[in-house]
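Asker: These are the residues of each chain, in order.
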Amino acid sequence: MRITGYRYETYRMKLDRPIADCNLPEGLDLLPGSVLFIETDEGVEGISLGFGVEGVSALFHLIEGEDPREVASLWAKVNDYIHKLGNEGAANGALSALDIALWDLKAKLAEEPLWRTLGAAEGRVKAYASGLDYCLSDDELFAFYRRMAERGIGGGKLKVGLDIEADMRRLDVMREALSIASDRPQLMIDSNEYWSPKQAVRFIRRIEEEFDLAWAEEPARRWDYAGLRLVSEQVGAAVATGENLNSVADFYPLIANQAVDVLNVAAGHSGITGCRQIAHLAQVYGLPVSMMNCQAEFMAHLAAALPNHVGMEVVDPGREQCLRFDSYIEDGHIILSDKPGLGIEIDEKALADLQANPPTGRGQFPFARREGAGRYILPLRPGEVPWETSSREP
Amino acid sequence: MKITGAAAAGSMAFPGQAGLWCRLELTCDEGLAGESLCPVRVRDQALTLANDRLVDWDPRAASALWDRLAGNAGDDSAAAARASLDLACWDLAAKLRGEPLWKTLGGSRPHAMVHVAMPGVPESDDAVRRWFGNVAEVTAFRAGCLALSGMPATDARRLALIRDTLEKQVKPVDLAVDAGRSWPDERIRRIREIERSVDLSWVKVAAGPGDELACRRLVDSIRAAVCVGGELTAERDFMIWLHQRAANLIELDIHRLGFTGTLRAADAAFGFELPVVLAPAPGHVQVHLAPVLPSFMSAGIVDPAAENTGVFGDLRFVSGRGVMGDRPGAGLVFDRNSPAAAKERSA
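Order-wise, the sequence lines are chains D and X. Under this note's numbering, the letters of the first sequence match residues 57 to 450, in that order. Under this note's numbering, the letters of the second sequence match residues 1107 to 1453, in that order.
Source of the hints: derived by calculation from the structure; they are not laboratory data. Even for Gly, the Cβ is constructed at its ideal location relative to N, Cα and C. Treat the hints with care, since some could be wrong.
As the list claims (entries may be wrong) - Straight-line alpha carbon distances no greater than 20 Å define the calculated DMTMM-like cross-link-like pairs of lysine to aspartate or glutamate that follow: (1) D:K182 to X:D1173; (2) X:K1108 to D:E82; (3) D:K182 to D:D382; (4) D:K182 to D:D394; (5) D:K133 to X:E1379; (6) D:K140 to X:E1379; (7) X:K1108 to D:D382; (8) D:K395 to D:E376; (9) D:K140 to D:E122.
Said to hold, decoys possible - Rough simulated footprint, nothing fancy, chain X against chain D, three-plus residues with beta-carbon under 8 Å: (10) 166 to 172; (11) 307 to 314; (12) 338 to 347.
Could you put the whole structure together from the sequences, leaning on the hints where they help?
Answerer: Pasting the structure below:
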């Protein structure tokens, strides 16, 4: 059993609805996509989705000819190789993509779903809804969270940041939509690093006068352990952060300085192997983790095997045009199938169609940080969002 | 695929391991059995736990089952029983996949650094010379560990003997000591005295809850790395040691943490950039973990000549490293002709 080759495909996809946060309030509905295939001498392929696969060419020689079932050792080999330049950017994307595809392969070769390979008892993971909803009108916001609530999801995370009074109105909309799934919906907010720590304290405390928040996500810069700790100490909500970090090493200062209460973990954390390391460190510290959203919720396989996982983010914006999978959401949980590996097949014809006829849409990913971030609030301009604001541009 | 039952039999002793051990077996509906070694003192507890919490569960859910077996924090007997069951679950999970455990865990074949640790405090310098001389004939071990006698001059002399013996095969060697449980101030004084004449790489300390600040003081007082963790029984026990920077090196004992707890605690140590060593285990099954622990440093070995007891692992020593074989599962083989096996049959 040997790794013999790789190929990757990139494409663009048009979402079913736009997504946004306070850094780009008008949002976008066009995202880049990629698929990495790792090939073996037995004809079985492993895949990974959605990463900077361009860096794979510089690292593939490290795993060529190796047994893909030895994924943890291969992770260490690649991680050691990139140590001088750092596990960041393209290197991190490639390490993550390789690792995920190797885990997919390992499970496929064992003819079992990946959640089982990772030691989980069942392929079932608690979910919460996340609209990436800054660009949704109040009616659209309600419709999204109601649709999620109809599938039993009783928790929601709202994008906030530029207009606290409007944020509070929209939190109420979200709560109302979720109320059919839970008597006491779990409410979370995400300001995507726009605020300074002291702004975060002021705004979150204001929101907490009327709402019981489960967590406030990225209330300050991802690496600012002192600022995040300050927020954690001064508000009632838990501070969640980490989804934009790269590895367990990046989490170390946050955890060691008690700056985080909920760790947002993700496929980009050096793959499944690296993401699991972070969750295990959190477990030793008694901290919960929450899995970031991804296409077809493939990271739910790992989430199912983590003892301290509290809920996976579900966005559901329609990113699966060229994927075939049969995981679904029921009773507030992501239900994974028993198909081998990630349980995802690539619809090569649909992929070829996307490549031949790239969709058009609005916005560019990733988007920039909004003016004023960490210093002052740049008010929403007229027409920037389709909902009623309380702020006015002078 | 379900666990159908548990059984235990036999009574064996191992060098460097306290008390007697038995063979624990988890059976499943596929006709295979997962095996591990279990301290006799917790045998009944392990069987009760298995029947209460493992029967009818899929053994491949080993990580989840570890959490299912969780008991009262700080209960050393419960931890040992839980660990024995976890080891047997992983053995069974690997056997069901028809592969050695190191591969199930995602590792490549272990070529693990090992350190040899002479069991107990030596009776004499001659005993030290003889034991390490025998060990050095097996292969060129790069590290040796001595249990301290409490007399720094004697210990320094013995460490020099170990160094000279092992360095006949390979240079340089790392020297470690097991300081056991001793009065903190006295421990610092003795180790500093040894360090005047011997370059110690690490000092293993038997420490549990409440010893963190004393160990932090040791960290700040000696040149060698302070190794702690071998007595801890749950992942969360490690938090305070990491947080207080009360150790430079983390020891993990699979007979307290199982494979699952060891994997988790090792990941946490990696997050803090701390290397880990694995405590000696009968049959050397701990070496399966070496390739998948991201900051693995060394595995402890107390009986490299395997001249014990009727239980054989799947480890051989090549150029000072422990190399695992391809037997499915953890690779333990019970010698049916050994005295221990005879006892087992009669039981």
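Asker: Run every hint past the structure and note whether it holds.
Answerer: Verification of the hints:
Taking the CA atoms of D:K182 and X:D1173, the gap is about 18 Å. The hint holds against a cut of 20 Å. Of the pairs offered as hints, the one joining X:K1108 and D:E82 is violated, with about 53 Å between alpha carbons and a cut-off of 20 Å exceeded. Straight-line distance between C-alpha atoms of D:K182 and D:D382 comes to about 17 Å, which keeps the hinted pair within the 20 Å bound. Restraint check for D:K182 and D:D394: the C-alpha separation of about 18 Å stays at or below 20 Å, so the hint holds.
A threshold of 20 Å between alpha carbons decides the hint, and for D:K133 with X:E1379 the separation of about 17 Å falls inside it, so the pair holds. Distance hint between D:K140 and X:E1379 is fulfilled; the C-alpha atoms sit about 16 Å from each other, no more than 20 Å. This hinted pair does not check out: X:K1108 and D:D382 have alpha carbons roughly 25 Å apart, beyond 20 Å. Simply put, D:K395 and D:E376 have alpha-carbon atoms about 18 Å apart, close enough for the 20 Å limit, and the pair holds.
Only pairs whose Cα atoms come within 20 Å are accepted, and D:K140 paired with D:E122 is rejected, the gap being roughly 23 Å. Residues of the segment 166 to 172 of chain D with a Cβ under 8 Å from some Cβ of chain X number 3, which satisfies the need for three, so the listed coverage holds. Judged by the Cβ-Cβ criterion of 8 Å, the segment 307 to 314 of chain D is covered by chain X as claimed, because 4 of its residues qualify and three suffice. Against chain X, the segment 338 to 347 of chain D contributes 4 residues with a C-beta closer than 8 Å to a partner C-beta. That satisfies the three-residue criterion, and the hint holds.
When each numbered hint is compared with the structure, violations occur for hints 2, 7 and 9.
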